[in-house]
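K.L.:
Listed below are the residues making up each chain.
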Amino acid sequence: MKKIHALVAAAVLFAAGSAQAADVTLLNVSYDPTRELYKNVNAAFAAEWKAKTGDNVTINQSHGGSGAQARAVIDGLDADVVTLALAYDIDAIAQKAQLLPAGWQKRLPDNSTPYTSTIVFLVRKGNPWKIKDWPDLVKPGIHVITPNPKTSGGARWAYLAAWAYAEKKAGGSKDAAKEFVRQIYAHVPVLDAGARGATTNFAQRGIGDVLLSWENEAHLALKEEPGKFDIVYPSNSILAEPPVAVVDKNVDRHGTRKAAEAYLQFLYSKKGQEIEAQNFYRPRDAAILAAHARDFPNIPLYTIDDVFGGWTKAQATHFADGGVFDQIYKPSK
Amino acid sequence: MSSVAIPSRFARLRNPSALPGFGLTLGFTLFYLSAIVLLPLTALLLKPWTMGWDGFVAAITEPRVLASLKLSFGGAAIAALVNAVFGLIVAWALTRYRFPGKRLFDALVDLPFALPTAVAGIALSALYAPNGWLGGPLSLLGVKIAFTPAGVIVALIFIGLPFVVRTLQPVIADMSEEAEEAAATLGATRWQTLRRVVLPALTPALVTGTGLAFARAVGEYGSLIFIAGNLPMKSEIAPLLIIIKLQQYDYTGAAAIGLVMLAASFVIILALNLFQSLLAARR
Amino acid sequence: MRRPTDDSLFTRGLLIAITVGYIGLFLFLPLLTVFSSALAKGLQVALDALRDPDALSAVRLTLIVAAIAVPFNLAFGICAAWVVSKYDFRGKSLLISLIDLPFSVSPVVSGLIYVLMFGLQGWIGPWLRDHDIRIIFALPGIVLATIFVTFPFVARELIPLMTDQGRDEEEAAVSLGASGFQTFLRVTLPNIKWALLYGVLLCNARAMGEFGAVSVVSGHIRGLTNTMPLHVEVLYNDYQYVGAFAVASLLALLAIVTLVLKSLLEWRFADEIAATHRH
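Chains as they are written, first to last, in our numbering: chain A, 1 to 333; chain B, 1001 to 1283; chain C, 2001 to 2279.
Just to be clear, a hint being listed does not mean it is correct.
To be verified - Capping the alpha-carbon separation at 30 Å, the derived lysine-lysine pairs in DSS-like fashion look like this:
{"hint": "1", "chain 1": "A", "residue 1": "K228", "chain 2": "A", "residue 2": "K50"}
{"hint": "2", "chain 1": "A", "residue 1": "K139", "chain 2": "B", "residue 2": "K1234"}
{"hint": "3", "chain 1": "C", "residue 1": "K2262", "chain 2": "A", "residue 2": "K223"}
{"hint": "4", "chain 1": "A", "residue 1": "K228", "chain 2": "B", "residue 2": "K1070"}
{"hint": "5", "chain 1": "B", "residue 1": "K1144", "chain 2": "A", "residue 2": "K130"}
{"hint": "6", "chain 1": "B", "residue 1": "K1234", "chain 2": "A", "residue 2": "K178"}
Hints are computed from structural coordinates only; laboratory data are not their basis. This structure is a prediction, so every number in the text was calculated from the model and none was measured.
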């Protein structure tokens, strides 16, 4: 009798437990290079969420150029969370569609960026063109691959990294920086719309001699095609802070706020930080960063606040219509 | 004959034809056309004017916009002309001659109609990239196709090929050989016959086919996006610029470019249709 | 004996060589590239790419979209061709040009107009949002954009044919007491069935293969709003080149089947088609 009681009790508990298991779906609208990262993060988070609450969470992913993705969210793509390449893109969502408050960036630690990255050079194996630092990019005959800053977040970071280097070297001269950046873009044969497209052109199609790449993309390329490329770290670069945010109006409408906030918190947790490090993103957690020090050489990284006074100013000065990037591309031949 | 049932005079007044259902079918046609095509296009028509006429003109005459329009229209024009010349040859050979594998080649002509543009895009970019089957040998000769305006033209030739060939084929097939025989018996050389008799007969179809190829190529996106260089001012096609403007939340600018492209293509199609109905009336 | 209207052997040879070369270069080679790139790492890898859940849902989405878009445009095409060919009214030329309009619209613009209408910043976007109706970045938007770009295919096949055929047969049927609908079913339909089939074939091929317009309205949500052509782009950007070309091969196979069907129809029913054309 006791056994039957126990079995029945177990069955009831089991039924009750599974009857209460809700199904939550989140949409994570992200930028181009994070495909592999979020595949891994989502699997780990789903397991953890199931263990903690018994609910099944499915996370759908959308990837594209950061600017393109922001625009899609503004136009109605129903993102629960956005994990984009730069703060300006999320600012735009806040400003133009009022889907989250203007002070969103202060809600999570470290300016809402659980991981950082930087811009490095990817070159052909053996570095035949001997590219060591930024000035080597404008050597005669060198072809540089970098995506279009108007559509790609990574391209904007790369542009700013080059600018920061030149400006600091010239003791703060904006004209010298502009000239240097202009020269770099004169060496670019094809401007892809996204970071991935540029990497594809370089890695697969054999275009160009050096790729200005996200750090994680460069490592990924080494992993995908061993023996074909080398990574070169310039003397300094930019600290790229790709932020994450909950899209308030959407999660409140969907009733997914709890899961969405937990998802972002997971990115700061030890487990999340470890996954990020394994996918070649620099974790904020100092201990985990130190454990992966081999993948993340310590070079000086300038921040956007440092050199450019923040994203809003940088966007307006450089990437808006008629900004410096447009001026560089004016037919000056 | 219709006069059995209704006196034709009255029929025309009451009903544009002796057949029933005019109101219903015309109504459905207009409704569907408006809902699917006209209404959304109105959104496109209205958007650019929110910045006024001056704003519209300014948006269109930006150097980058002009360069992209030049590439899209210019590339389409060159591709259409190449297709006109070679399409004529291909249509002639496929209709008049017999050779092994003709059926296969004839069927292949429709490939650009049936193949998705994205597939064409990655195939062409793989083919003409510096390490591609064709791109490799060509680059040894110093010729670069992928990521240059030349690549755009090659892709547009692919896209427009069937328009010329398929428009010409029925006309060539229908051409009776009597006129040619007459010219031959009157002492014309084959070349003269071709020039004075055949070509003029084919010109209307040739013009129509080339015009269609051009209109199709101007707005092409999917096959170009993988092979164009996308360099502003040099190898950036207009549809891509529309997408970029969207990215910058410049909806009005994007709509302005779209409107210009739409207007130009519509004028071409209208002209072609009028041209054809003029010919039909004359015949 | 050579007839005076025969081209010289040299001319024939030259033109045939040019034809074979032109078609081979611009049409055959790209097609071959798709298949050879897909099989670059062996058949198994290609098949695995096709069995991937995201790929399967892309196939499913593509089929659903085509299954909705094609019948709609079929109904419209028949209706429009009927109106244009069986009646006289002013503005016919304008109507035909308007029907042709989607042909001259860039695919990107085709997507853009629906964003301008249904997007959150568009005309009725906020209203849709308040009522939790999703059009763009969801299935309805993709279907709408696809209907738009494949709009003219059936109509364009039917209009010249039905205009050529005239209205005598239908008028005779009506005068004998048939209703409009009966006339259509029993008299018109048999005369146009091959053109109808062509139109449906082309419409379907384009509906399954549309890229630009769908790309603008899709939202690129993996496993949900990516059609097969979009999935090709996704794989291409994921470093999965073999996978991208594998899915592309599926689409190319579809294109080949379309061409084969079209040729078969033409070959088997050439006489009937000729008869209906010369009506």
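K.L.:
Each hint should be assessed against the structure and marked as holding or not.
P.N.:
Status of each hint after checking the structure:
1. Taken as a hint, the K228 of chain A and K50 of chain A pair is broken in the structure, with Cα atoms around 41 Å apart against an allowance of 30 Å.
2. Under the criterion of a C-alpha separation no larger than 30 Å, the hint pairing K139 of chain A with K1234 of chain B is consistent with the structure, at around 22 Å.
3. Pair hint K2262 of chain C plus K223 of chain A does not hold up; C-alpha atoms about 46 Å apart against a cutoff of 30 Å.
4. Pair hint K228 of chain A plus K1070 of chain B does not hold up; C-alpha atoms about 39 Å apart against a cutoff of 30 Å.
5. Between the alpha carbons of K1144 of chain B and K130 of chain A the distance comes to roughly 25 Å, so the proposed pair stays at or under 30 Å and holds.
6. The hinted pair formed by K1234 of chain B and K178 of chain A meets the criterion: a straight-line CA distance of about 21 Å does not exceed 30 Å.
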